[in-house]
Amino acid sequence: MNLAFVESPVQLLNVLEWTHAMGGDDPAATTVVVLPPVDPMSRGQLRRMAELARDEGITVRWQEARGDSGAPLKALRALAGLVRRADHIVIGDPFSRYVQLLLTLVRAERLTVVDDGTATMEFVTQLARGERLTRWHRKGRGGPRELLLAPVTATARRRFTPTVRHAVEVFTAMPVEPPKGVTVTANTFAWTRARFGPPSVGSGADLVGTSLVETGVVDPVPYQEAVAALARTHGATRYFAHRRESAEKLHALEAATGLEIVRPDLPLELIARRGPIGHTVVSFPSTVVHTLPLALAGTGVNVAVCDIAPEWLRTTASPRAQGFLSGVTETARGVQRLTSTAHA
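Take the sequence shown: its position 37, counted from the start at 1, is 46 in the working numbering, and no numbers get skipped.
In case anyone wonders, no lab produced these hints; they're calculated from the structure.
Computed from a prediction, not measured in an experiment: that's the story for all the values here.
Glycine included, every Cβ here is placed at the ideal spot set by N, Cα and C.
Where hints are given, some of them may not hold.
Stated by the list, open to error - Just the calculated beta-carbon pair ranges, DEER-fashion: (1) G190 - A163: 15 to 21 Å; (2) Q345 - V271: 20 to 26 Å; (3) D77 - R56: 17 to 23 Å; (4) M10 - S335: 37 to 43 Å.
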């Protein structure tokens, strides 16, 4: 049995892509456990993605592991037997402390990490260097909670390290250099292209939002100014919001730019593939500058990425932020690169 753990809509999409890439002959052999976050947008998209997974014949189990103080322990007890029986574990977020906790129960000899967006790049880099697994936008070395969970993280690192008896795979659309012994399988978004589209393509442009303000990386004022400048330059009329963007920020953007704010009910790769979509899609450094060219291959849609200028960063941003964001842009294939200074 393949047992997958996902915590975001994109992770569930990439489990579907992985199942398709593996042949998809027996989707009933895969069970997906959804560990939903608390924010309504993510939960809504996850429910829609769960419907698509069930349509493919995959078993989906919705397991609350957040909320009240007892939820994590209840979920752990409920999932323990399932985890121990699994032959192949598939996870979407190797940085998730809860998933790392579940990995301490794993007996399976095969482990696959599917894309959780650009975080996959950081995960593979840290794994190759033997570094502590930490999200790129986090600053500092953590507090008492991190110290308490250090043994769990150490066990997870061992699970992510291949041995003679333990195979590790990374299924990704991101450009990565795998550590020795780790198998990398390319995610080409073949399932997305087979199930959706091709889209109708308009003559204008669409903008793609980012949660860099919400994660404390970018200051909201220059971000709003950059969105307004990009909309004017490219004639954009729609702004596809990231699921974690705050309502206050989006209301301010709408008032300042006149853009139609669209809150998608599915990951943008599926929304764009279904259409309609603009002839040009403009994004800041994010996962979609790597995935949209694959999902929209052959449609004639141009994907462009606008760099994040150093002066847009908050003083509290991680020292790694600028280098990581630049790397996301520089390694994107088949995209048009826009300089941030031209839109400041």
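Comparing the hints with the structure gives:
1. Between G190 and A163 the beta carbon distance is about 19 Å. The supplied range of 15 to 21 Å therefore holds.
2. As the Cβ distance of Q345 to V271 is approximately 22 Å, the hint placing it in 20 to 26 Å holds.
3. Remark: the range hint 17 to 23 Å for D77 to R56 is upheld by a beta-carbon distance near 20 Å.
4. For M10 paired with S335, a C-beta distance near 41 Å keeps the hint of 37 to 43 Å intact.
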